[in-house]
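Heads up: the sequence lines are chains A and B, in that order. Under the working numbering, the first residue of the first sequence is numbered 1, with each subsequent residue one higher. Under the working numbering, the first residue of the second sequence is numbered 162, with each subsequent residue one higher.
Quick caveat, the hints were computed from the structure, so don't treat them as lab data. Just so it is clear, the structure is predicted and the values come from calculations on it, not from any experiment. Do not take every clue at face value.
[Claimed, not checked] Dumping the calculated BS3-like pairs for lysine-lysine here, alpha-carbon to alpha-carbon at most 25 Å:
1) A:K91 / B:K627
2) B:K806 / B:K212
3) B:K806 / B:K530
4) B:K422 / B:K406
5) B:K868 / A:K91
6) B:K852 / B:K627
7) A:K151 / B:K908
8) B:K806 / B:K588
9) B:K288 / B:K557
10) B:K288 / B:K309
11) B:K627 / B:K648
12) B:K782 / A:K149
13) A:K151 / B:K782
14) B:K253 / B:K323
15) A:K91 / B:K323
16) A:K149 / B:K474
17) B:K852 / A:K91
18) B:K242 / B:K806
19) B:K530 / B:K212
20) B:K288 / B:K253
21) B:K806 / B:K711
22) B:K211 / B:K422
23) B:K530 / B:K246
24) B:K908 / A:K149
25) B:K806 / B:K908
26) B:K806 / B:K648
27) B:K406 / B:K474
[Stated by the list, open to error] Now the stretches of chain B that chain A is said to cover, found in silico as 3 or more residues with beta-carbon under 8 Å:
28) 472 to 486
29) 872 to 879
Backbone N, C-alpha and C define an ideal beta-carbon position, used for all residues, glycine too.
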Amino acid sequence: MNMNKCLYIVVCLITLSACSQQPTKSEALIPVEERYVPAESSTTASPAYSVDNVQPTVIATLVDEANAHAAAGNTDKAIASLERALRIEPKNALLWHRFAAIRLQQHNWQQAIALARKSNALANDNTALKSQNWSIIARAYEGLGDLEKAKEARQRQRLTG
Amino acid sequence: MPRKKKASRKKRPSRKSTLKSYLKRWIWQLLVIGVCVFLSYCVWLDYQIKKEFEGKRWSIPARVYAQPTELYIGRHYDQNKLVTKLKELGYKPVRMLQGPGQYGVNNDLVNFYLRDFSYWDGNEESKKISVRFTQQYVASITDLDTGKKLQIIRLEPVLIGKIFPLHDEDRVLVHLNDVPETLVDALIAIEDRNFYQHHGIDPKGILRSLFVNIVSGKIAQGGSTLTQQLVKNLFLTRERTYTRKINEMLMALMLDYHYSKESILAAYVNEIFLGQHGARAIHGFGTAAEFYFSRPLNELNLEQVALLVGMIKGPSYYNPRRHPERARQRRDLVLDAMLELDYISAAQHERSTKRSLRISDKPSWSSAKYPAFLDLVRRHLRRDYENTDLRNEGLKIHTTLDTEMQDTVERSVQVSLQRLDSLANFKPDTLETAVVIASQNDGEVMALLGDRDRNQNAFNRALDAKRPIGSLIKPAIYLTALESPGKYHVLTALDDSPVSLVQDNGRTWTPRNYDNLTRGKVPLLRSLAKSYNLSTVRLGLDVGLERVIKTLRNLGISGDIPRVPALLLGALDLSPYEVTQMYQTIASGGLQVPLKTVRAVFDSEGQPLKKYDLQVREYLKPEDAFLTQYLLTQVVEQGTAARLKRELPSLMPLAGKTGTTNDLRDTWFAGFGDRLLGVVWVGRDDNSPTKLTGSTGAMQVWLGIMKQLKPVPLMLLPPENIEWQSLPDLGNPPGSCSQRANYPFVKGTAPRTVNCF
Chain A
1 MNMNKCLYIV VCLITLSACS QQPTKSEALI PVEERYVPAE SSTTASPAYS VDNVQPTVIA
61 TLVDEANAHA AAGNTDKAIA SLERALRIEP KNALLWHRFA AIRLQQHNWQ QAIALARKSN
121 ALANDNTALK SQNWSIIARA YEGLGDLEKA KEARQRQRLT G
Chain B
162 MPRKKKASRK KRPSRKSTLK SYLKRWIWQL LVIGVCVFLS YCVWLDYQIK KEFEGKRWSI
222 PARVYAQPTE LYIGRHYDQN KLVTKLKELG YKPVRMLQGP GQYGVNNDLV NFYLRDFSYW
282 DGNEESKKIS VRFTQQYVAS ITDLDTGKKL QIIRLEPVLI GKIFPLHDED RVLVHLNDVP
342 ETLVDALIAI EDRNFYQHHG IDPKGILRSL FVNIVSGKIA QGGSTLTQQL VKNLFLTRER
402 TYTRKINEML MALMLDYHYS KESILAAYVN EIFLGQHGAR AIHGFGTAAE FYFSRPLNEL
462 NLEQVALLVG MIKGPSYYNP RRHPERARQR RDLVLDAMLE LDYISAAQHE RSTKRSLRIS
522 DKPSWSSAKY PAFLDLVRRH LRRDYENTDL RNEGLKIHTT LDTEMQDTVE RSVQVSLQRL
582 DSLANFKPDT LETAVVIASQ NDGEVMALLG DRDRNQNAFN RALDAKRPIG SLIKPAIYLT
642 ALESPGKYHV LTALDDSPVS LVQDNGRTWT PRNYDNLTRG KVPLLRSLAK SYNLSTVRLG
702 LDVGLERVIK TLRNLGISGD IPRVPALLLG ALDLSPYEVT QMYQTIASGG LQVPLKTVRA
762 VFDSEGQPLK KYDLQVREYL KPEDAFLTQY LLTQVVEQGT AARLKRELPS LMPLAGKTGT
822 TNDLRDTWFA GFGDRLLGVV WVGRDDNSPT KLTGSTGAMQ VWLGIMKQLK PVPLMLLPPE
882 NIEWQSLPDL GNPPGSCSQR ANYPFVKGTA PRTVNCF
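The following block holds chain B by itself, in its conformation from the complex:
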């Protein structure tokens, strides 16, 4: 053999054959390279698909719980509240407790069989409990089996929603088990008859649809399989090119290879595009059912399901709100296809095709009871936990929502806004609002409202509406001044005379007081209490913009802060949520705790994910925070929020600040007692005037809420280096000084006397 080879080498090849073999080799090489490139492309594509799809597999959602109700000796609670709570948790009334989830009332005793539940600090075991109330307090808690007296127990928390933590939108996701069979039948009948047989693409289907379309003379069926449509929705842009089509087919094959038909169907049902509302895309049948019918998917009847399935082909072309007749024809076509495949009987078909569309009047978004809060939970989960952990199936998420408080806030806000609408001579539902209620000590968000109507939660104003905060910024300026106790104290005379400033852009800025008056000298505490602009601007310029900005940072503001004099009057856009963080730092005495909604997350095995702890940072000196709190109580005592004192005399002292922006576009109120902190914004989505101020707008909403919540008054607890000094009373009425009052000062800085002004 080697000899022969040697011989052949010696033979001189002809020119033609050289070219031929060269060409052949070249083609081979090209082919190999081509295949290699194609294969690596496929591998890359495959990787992309798996990565994307894994994150979007709609399997077992995370269960989200409100905070559990704690019952302890001495708690202010009553029998009715407990029974309501037990009913809400699904406890059944019985005469004899036999198993978990039962209760009975016997005079002043409430007996119940507690269900077991695991918490991050241990388990609450299932046991028979008897709770006795004396007047409005928990007097005793007894374990009925052992007779042991207990100090504290907690009822298992209310389930407030099921979510997929990594999912961006607040779409209504459905598990395949909750998908009506008719929906799957309709999909198969109209979109992909060989879904359970093909491998992602369906050559036969393409041919058949071609045939049907030619025979019927119109495009009745598309050739894409459900898998291809899913790929298109998940991964690809909307352009129509051959490359895209090839990609789509490749990806469909891969998807089909890796995942079961059920997984693909489940993803399809939650992913498919079914309409557009403003900037918002309607994805998935769960969301579409709410959007078009205001009902959960599993409550839709046959023709409603058929309508949604029919829309897949062209959600805007077949939009039932805009083109009802077109949508109806398309619906009937789906029903025809279902009849053809015997998925429905002729009687069902006839009944359904006769029915009108019955679309809901107003688009609604979600049947979730607390959509705004769940939105924040989702954001906090991503802030505080590893994405890989959040991908786990069947997580249990414990949150800080106080459902009783949330319901109270919602009811109260409805009433207040109706009143404000009519007060300002607006049509009903003109004004919008956002509310955040947090626990000031640990930063737990207990209630959150992003819209006056919880079902219209398209835009979560509490988190996403960034508006100028107006006078709500002022405490930051006064706080900055009080950091120099040698120079400023609560009675320092400020100059409230006119001021004009040439700005960087060459234009002159001439701020005015709200009432257009000027007042000469005013004591510092009254300047903030009455929210005078001129004295505040002068004070801010005196301490310096840089220092004010630094204070805002210390108060927890992390976004852009414009370095312009108008900042001193609140030219700073913040969301109600950010304002809450800012005031939390002041209210808690200078210790900043990041606002939180998530107490703990458990995986399906019951193991806690990395827990988010109470993170405390000291950003303000206690005496500065204290003096600022004191100033804010004066806003309620004698300033722009004095109405609170008149309406809630038994809850005094409370601290707060009103805010109003140019032309009365935004009205704000932030206020706190010893435990609760509440921030309210009232304005309009198109940013037009509200005809209301901080005190006539947002503060009224706050007042309405607090009348119900009855917050514990603020205990002004002075730090060590604060002393009280008795001086002439500069408060109400100003200039009288007929009495004396105690004012707080950093030790050694109190004036002996003050001029009466």
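Chain A with its partners taken away, still in its complex shape:
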């Protein structure tokens, strides 16, 4: 089924991101997110923000847990595990995607759409993920009976995919 395919892709993506972001020893303690922020040269001694150096393995553990819950049909628990992961990494597009997929599984169409869009907004140039999100959006619109929007989403899926 499509769901399984989706699971497979998520697992692959997480494994991939784990590989690509594996910090070398020297930079292991540099907060990841600091790299996105242009550092201000400052003379005043002011506090630097505290940010975690989240390891992909931590998130992967929680996603595995969520997947196990979802596979057992326990979608509420799956969401609880994902929320736990999202509290650690709120800007992780994969987590939002997974969240959308579980909402889709619950036939909670509106939320599936909103969450998939949120994932897209965070996905940067991860086109594979974006394509998956458009697929969720398309299926959710089909569920809602809005075939026109579903078709539109399918088109976006093909364009990004």
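With the hints as your guide, set chain B onto chain A.
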């Protein structure tokens, strides 16, 4: 037999006997009807009592927990913090871990025996854990029994309070086990000597009290039983009529029939009226102990208990703060009665009657550490769960409170407000405040302050103080304009020239800029950054009030919104909580998540009640939300909040908006980074001027808090259809245009060049 009957029928009855039998029948019928009506009335009454009382039975309260501390590889945390946390959770230091709830420190390792705890996504099993820190990060987590490396564990959450979810007030409820024996003795001695014998009403007691009153020549004892008094407090009005008295007796009998003496006593102790403070009624001994003595009930000594019991008869007449001598006499009378029944010894009696009243100077409300937050939890429970579920005994409520953050916020606010009081030449404790800190992505409220002093939580300003929001409304207007990218972009020239409007009531409204100056043409981003009123009003009128109101609805404002031009300058009363919801929608990129405090509720069997999920709705287009976020970063970069940039240079960029209302009555600041969103209001309860503005008032409080919390900077992550265009820098100093800067536009709408202004 039938024959005889037939014969008697034939006999013509006399007129007198006809009337008699008619009357008799009529009386019988009336009696039957009367009894029927009375019985159905009783049934109805009985039903009412059971319904009401069931909801007010003070048995096992719900336990409320803060959010658990998560430890995972790479978390920014340190050894000291962990040890403090373990101590807070009651872990004991040991040399060898032998059972749950113990810990030990060994160089860079913290070893502890984790207690088990069930969460909504599964159980955290009890196990021996070793955590190693490298500098300020969690480097490894090991299961000491299996040697397995773990990725993530959570420490069981801190218990932050015990509540009855369906109960309206934040009274301090006490379980019968926590009620001092002396209190029960005193109640029985002075109010109802046959409590354990009678059936709800006490004829003997009435006679005895009559006798005592006549002999003593004063009204020393009342005839109502504790049960009757409870009924009066629970169900009836204060009027004194015979119907009411009869109702009271009937209900007392029923209550006594249905419930045990213990249940009745437990309800009595938590329900009885013991004073009034402004609009607030003091109900129950738990609340009264805090209110009069600033101490929990089980810490009161004999004469203090006697004083409270004595007050039942007339809480305002015997008010110890206002009529200390009267209250003292009444207290001694209670002690006399206790001595008479041998509940206390003569020595105790003598010692106690010699003591002064020792009432606390200031009324305090609660010994709960986080009263404002618990108040919100109670409201959210009722919003998100079935009442019938909440009635269950012994619920466990998991909340979003971050106790470390809450404590930090409280400490910081105290310092800031002291400074602001003296800055504005006020007496100490003049200014009031309310603070909400939420996680912007999932809408979880992590800290909440309804008063500068947590012990004075009579009025939860964060939720209930609705004040005009002033310029905090402006982002909604600019957002509405940016929804038409063909017409408006971040550099559109706005007209900041004087404007006058005739309103519906015929009066002319002439808004002014804060500094009374006008500026001609200003770029849109600077107009918001500097919070210019004239250009904003013109912009708002141009996009239309209706559309602005629609945007406010999309931002999550559900109450009344006045359709008047003054709305454009913030003539809209909102609570800090509602403002937080509004800014959450912008901060999260347009996905609105209802603010929440409750993650999950378990019943006493450990089964979750219907869980409240992260409800996400998309209310704004991502590009509109993004551009608004960008504009709000410019407020900090070059506008009314530029001081934040000077004070927190390493936390930039942050987004925010200042707000000030007429005559400087309310000062507001709402600001956010990538994760945290904070809203602060500073003002005065009597609505008089604060002599402060958004930037000199509320923003200083916000700044003080964020210096401690160190929020992650805002990562401006543009959606697909946003492009950056390099144009002359219209920022600081305005009009120089000597450099170039990048500005965001919806694709295809960026101007080639801009005039320098």
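Quick rundown of the hints versus the structure:
1. A:K91 / B:K627: violated (33 Å)
2. B:K806 / B:K212: The hint is violated at about 58 Å.
3. B:K806 / B:K530: violated (34 Å)
4. B:K422 / B:K406: holds (21 Å)
5. B:K868 / A:K91: holds (23 Å)
6. B:K852 / B:K627: holds (20 Å)
7. A:K151 / B:K908: holds (24 Å)
8. B:K806 / B:K588: violated (31 Å)
9. B:K288 / B:K557: holds (22 Å)
10. B:K288 / B:K309: holds (12 Å)
11. B:K627 / B:K648: violated (35 Å)
12. B:K782 / A:K149: holds (16 Å)
13. A:K151 / B:K782: Since the Cα atoms of A:K151 and B:K782 sit roughly 20 Å apart, the hinted pair holds (cutoff 25 Å).
14. B:K253 / B:K323: holds (24 Å)
15. A:K91 / B:K323: Measuring from Cα to Cα gives roughly 35 Å; hence the hint is violated.
16. A:K149 / B:K474: Roughly 71 Å separates the two Cα atoms, so the pair is violated.
17. B:K852 / A:K91: violated (41 Å)
18. B:K242 / B:K806: violated (29 Å)
19. B:K530 / B:K212: violated (32 Å)
20. B:K288 / B:K253: holds (15 Å)
21. B:K806 / B:K711: violated (33 Å)
22. B:K211 / B:K422: holds (15 Å)
23. B:K530 / B:K246: holds (16 Å)
24. B:K908 / A:K149: Between B:K908 and A:K149 the Cα gap is close to 22 Å, so the pair holds against 25 Å.
25. B:K806 / B:K908: violated (29 Å)
26. B:K806 / B:K648: With Cα atoms ~31 Å apart, B:K806 and B:K648 exceed 25 Å; violated.
27. B:K406 / B:K474: Roughly 17 Å between the alpha carbons, so the hint for B:K406 and B:K474 holds.
28. 472 to 486: violated (count 0)
29. 872 to 879: holds (count 5)
The structure fails hints 1, 2, 3, 8, 11, 15, 16, 17, 18, 19, 21, 25, 26 and 28 (numbered hints given earlier, in ascending order).
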